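> Protein chains in written order, with the numbering used here: chain A, 1 to 410; chain B, 1001 to 1373; chain C, 2001 to 2611.
Incorrect hints may appear among the rest.
To be verified - Simulated pairs of lysine-lysine, DSS-like, Cα-Cα distance not exceeding 27 Å: (1) A/K206 to A/K286; (2) C/K2429 to B/K1020; (3) C/K2425 to B/K1015.
The hints are simulated quantities; they were obtained by calculation from the structure and are not laboratory data.
The structure presented is a predicted model; accordingly, all values stated were derived computationally and were not measured.
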Amino acid sequence: MLQHKRWFAGTMAAVMALSLTACGGGGSDAADPGAAVDPNQEAASGQAELTPWEQSSGIFNTDETDDELYELAKAEGKVTLYSISSRCTKVAEAFNAKYPGVVCEPFDISTNELLEKVTREYDAGQHVADVVHIKDQDGSLYNEYILEKKFYNYQPAAIMDHIDAKLRETQTPLYIELTQLFYNSEANPDGPPVTNIWEITQPEWKGRLMMQNPLDNISWGSWITGFCVGDAPAQLEAAYKELTGEDLVLSDGCENAGYEFLKRLHDNSPIFTSSSDEIAESVGTKGQANPPIGFCASSKLRKNKDNDWCLAPINLTPTTGIPAINTVYVVEGCEHPNAAKLLIRFMMGGTDGDTSGYDPFNTLGGWPVRDDIEPAEGSTPYSEINVSDFNPTDIYDNINPVRDFWTLLG
Amino acid sequence: MSKIELKHIDKFYGKNHILKDVELTIEDGDFMTLLGPSGCGKTTTLRVVSGLEKPQNGTIYMDGKEIVNAAEAHFAPPSERGLNLVFQSYALWPHMTVRENIAFGLNIKKMSKEEVNKRVTDALERMQIGQYIDRYPSELSGGQQQRVAIARAIASEPRLLLLDEPLSNLDAKLRVDMRSELKRLHTETGTTMIYVTHDQVEALTMSTKIAIFKEGVIIQVAPPLELYNNPANLYVADFIGNPRINFVDVKATVTAAGMEIDGAAGKLSFPKSDMTPGAPTSGTFDAVLGIRPEQVTINTERQSPDDIEAKIYTSMPAGSETLVTAKMCGVSMVIKALGITHYSPDQTVYLSIDPKKINVFDKKSENLIKYSV
Amino acid sequence: MKPKDQNYSKSRRLKNQLKAVVTNPYNVIVLIAIVLLTYLIVLPLLDMISTTFTLAQRDVRQSGGVAGAFTLYYWQRLLASNLTTKLLVQPLLNSLLIGSCVSVCAITIGSVLAWLMVRTDLPFKKFFSLAVIIPYMIPSWCKSQAWLTMFKTERIGGSPGFLMSLGINVPDWLAYGPVAIITVLSLHYYAYAYLLVSSALNSINSELEEMGEIQGAGKAMILRKITFPLVLPAMLSAVILTFSKAIGTFGVINYLGSKVNFVTLSSQLYMNSKSQNTQTAFAMALIMICIASISVFVNQKLIGSRKSYATIGGKGGRSTPIRLGAQKPIITIVLIAFFAVGIIMPILILILESFMLKQGTYSLANLTTYYWVGDGSRKEIMEGLPGIFRNPNFINALINSLKLTFVNGIFGTIFGQIIGYICAKGRGKLHGRVVEQLVFIPYLIPSIAFGGIFLSMFSRPQTLFGVTLVPSLYGTFALLTITSVVKHLPFASRAGTSNMLQIGGELEEAAAIAGAGFFKRFVRIVFPLSKGGFISGFMLIFVSIMKELDLIILIMTPKTSTLPYLAFQYANGNSPQASNCVAIVMFSIVFLVYALANIFGDADLAKSMGG
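When you get a sec, could you build the whole thing from the sequences and use the hints?
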């Protein structure tokens, strides 16, 4: 019970902070007094009138034990998981081994299709997916799914206690991935060729930096937005001074140092590819005299060994950008809520020390969100990496202007 | 076995007026040929009768029963009209054997197996191609395919048989054979037939009646000989006959007694009784004489005072006959002389023409004003 | 029409007219087809249009207003804002550039090949005519990959390209961007021009050319003055297909164009769709539909009356091959080289890569059959998954794919042939044109949008005035079938149209006179005569459904995975080799079915594309 209260206090604080920023931003959402409220907090405050499904599924009931849930789940028989990771098949295998009688059906599908599919199904009253594993990269899942009560956060207290409160305000985090800058360690035996993020905007790296076009998809769009909001612009400004000794002069149309950074990054003609894999291969292939550097998903580090690459991450100052946090949700109206809860507990590493549901995700280039689970061997501790805070509302409100800004750059 | 009446038939394709107020009656047992140059509407008429095309105006009766009433949008489907059609291209189904081609329509009529077999064999026997019963169309020659197409059409024992230029794809010899074949078929079965062709020899030799088409209008309907002897107007006269009819421009004067002609063919007079009802009753006007090449006799010596002097232009012997072109007073005249005769160019000859046989046309209206008798 | 004094009953006229419409199965089928097409194509299209005028929840933050309200925001943004140039004009110009250049190149290659294959005494014709179709079967990404393997420059790092490793410095403009895209797409799409032109050439009587020779014209003159004008309609038709295909594609453009920041309307559309800017993506799709419709319309006007058709049952044209003479060996060698580079190389690269333990290491020791038949004992490979032939998922996906492609291929073909019948019979008439335009639309609706709209439409029972017409089809095979049939209708019906045009109208009229009703005629006359075309039409759909991923993934349930989905999963899961294995299996199936159809079924893709 005590734990429960602590969690409640934390979320309340978050709500207040959130409403403050929202008011300050003058967003249209906040101007509306009837704006949606986080259902978890509403329920926790005891003021909410529960919908029949909220009632029957007991989605806000976070005190059950694994065994109790298992018994209920057995009656439901199965649970369907839509996931953006191919590793979901392994999770399902482990789940099925541990909980016979409840069958987990995984469906590996990419972000865009997943959202399209689950939304269409939901709108049509087809409750197929029970659990969704995705990333809330631009805050739209919080703003358009959680607040609209299409998805629910299931936050079992015993597990949440091991997760930084900052990470679980608006989402149920699973693990963290980053968009990191990588270099070829064979060609640069003395360590990373750059450390300050502004160095990649200098002539030396003109046409030699690889990344995906931020307009390509929402995760890259969110990532560049991360530089323009929160503390990032101020940090960038300071880092510029530190590197060049001069004050940063903003160009026309650049609101802050974040936009200026994006402009200069763009003007340095980065090479866009169609996938992260391509970047990893281009940067990491051995035997190159003058290899490029490139931003790509931190998870590509896993492929180093398989492909005999020499990818090495750079811990950029002041920041390497916002993290991409993998999250799990229960879909409203789903037919197997107890099995869904059991699966989420399992995926999050459970409470019984058996982390077989978590292990597939705990690999090089991914960081566990729980303080009681060790990251994969060889990982840089997450706390040592310069990462910006992820604020779903900031990103949500700014991603479109930033995308348009980038579009106008050409 | 069937009488067809077409009344006020109009057919349009888009803005093109193809059939213009066509009126045609085909008596039971007729072999009616629709004759005319290509594009004159004869095939369209056939297709209207068959039911493959729907006219925009008019009615069609078959044995008194209304099968088309355009005003009421009533069009009996082809299969209910008791007719059959032989296409110009034969339209044999290439994936079926001869037997299957012929049996197809019979099977649809739900005939017994024996009956179908009998009819198939009969039809093939009649067309003398019984031995090809199990072949595919592609394994037959053009003439054999033609026979199969006809066999298919007659096997259903139609009340009305429609034939759309069926002989146009055959060589000259086969065409002559098939002509007599079709004529025998008509007399044996007594079926009413409508036959489309642009070949006047086919029309003249086979039909009991011929309808001449010009640009969607029927000009004349008459038995072949009548059509030949008394074409209704210059168009028909010009179209029918090989070699072509000779036209001679003259001046005509009509009096109470009859008609006087003056021109290159000399002076001629015709009694009133030979004049057509539509002929002018008085006055002087331009007229055209129509003289068939075989109606002129050619002599090297003057035989009578009425003979006309002429000069030989060319002489072309063709076995049984000789085609002679002669100039009389600057007018060119083709003459068909029996047997082989020899004339040298520029030789002077004398032509004699029986005035009774001459057609006279009004130059202005182009209509026949004097019968050949 | 002149007025006539005819006594007639107006009521009887009306009754007869009604009866004629209702009792004529052709009218009924046209009616049903138009209703169905309206329902299955126009409705989704309207849905797309209305979506572009409806403010989405996610855009409230930028534009203000209320979600779900009418808005001009998206169109204004696209057509009249400071973003217009970057978002629309530039990509559109690039699209037109790619479309035009690819059309010109592909039609040139295709026509020359067709002429060589049909009209000359080229050796090894059997082999060539089989090989020439293969590009249609290999996915275009295979070719772009092969292109990069060849021309990759230092610019993008990684393992060196083939030419670079030989010390040849390839300029960037050749390796990436428009030139590369145009080359790869031309090599992909020349198949259409080849198929169309060769079927046109086949129907031309060579006496026409011989006549020219007798008149004293040289070979070049005959080609220019006689042959070319005769096949011009077929070539124009190929231009439309190629042009709309080329402006609609994004895979190759993304792969080869992004490196130099070259975007087209289609890649913009794809990016917007991936970024969940559905409304903008739809608006772009609508613009592309307009462009394609205009080109189809122009095509109809241009070809219209000039077209002549080969007719089954007509006189077969005689064909005397033209002797190539001294150039024969040279042309043969050029052709062999062309096929080696354009067709065999991509396939060999694909096969080789599926046997490579580690990518990019070209040594004998690196070869393995593990990805094919490995038992899953080596945990470090494929994250411990067994080789594809030992993986139950693969077998499952294989069965699903086969079921899907065969069932959908058959349904799609039948439907396509019926639509083709309507288009052929209704040529020049309003209903024919309407149907022809309608069936073209699904091709240009992005797969994901199309799949999504169908999922929404059929997840609920479809009712009309309270009567349930279609029950909820969610998760059923029927929904998969409907969606893929409609999506592939443009090609199925195109095949159907040309197929039906080959059957002389008199063959059917003869049956009508014999008393055969519409259905009897279709079953007994039209179908048997068009059997070859039926099978070729089937092949066309079969090939594209086999490759389909985006469309099906939305409609699939977790249990029905297919081969492309498996390939996607492997690629996603860091096993490109296994992904290649699946791709090879897919290609083999397609090729095998094509070969079988060719041998036993008299199928000829060229026939189905004519007309």
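> Does each hint fit the structure? Answer for all of them.
Now for the hints, and whether the structure bears them out:
| no. | hint | result |
| --- | --- | --- |
| 1 | A/K206 to A/K286 | 22 Å, holds |
| 2 | C/K2429 to B/K1020 | 23 Å, holds |
| 3 | C/K2425 to B/K1015 | 20 Å, holds |
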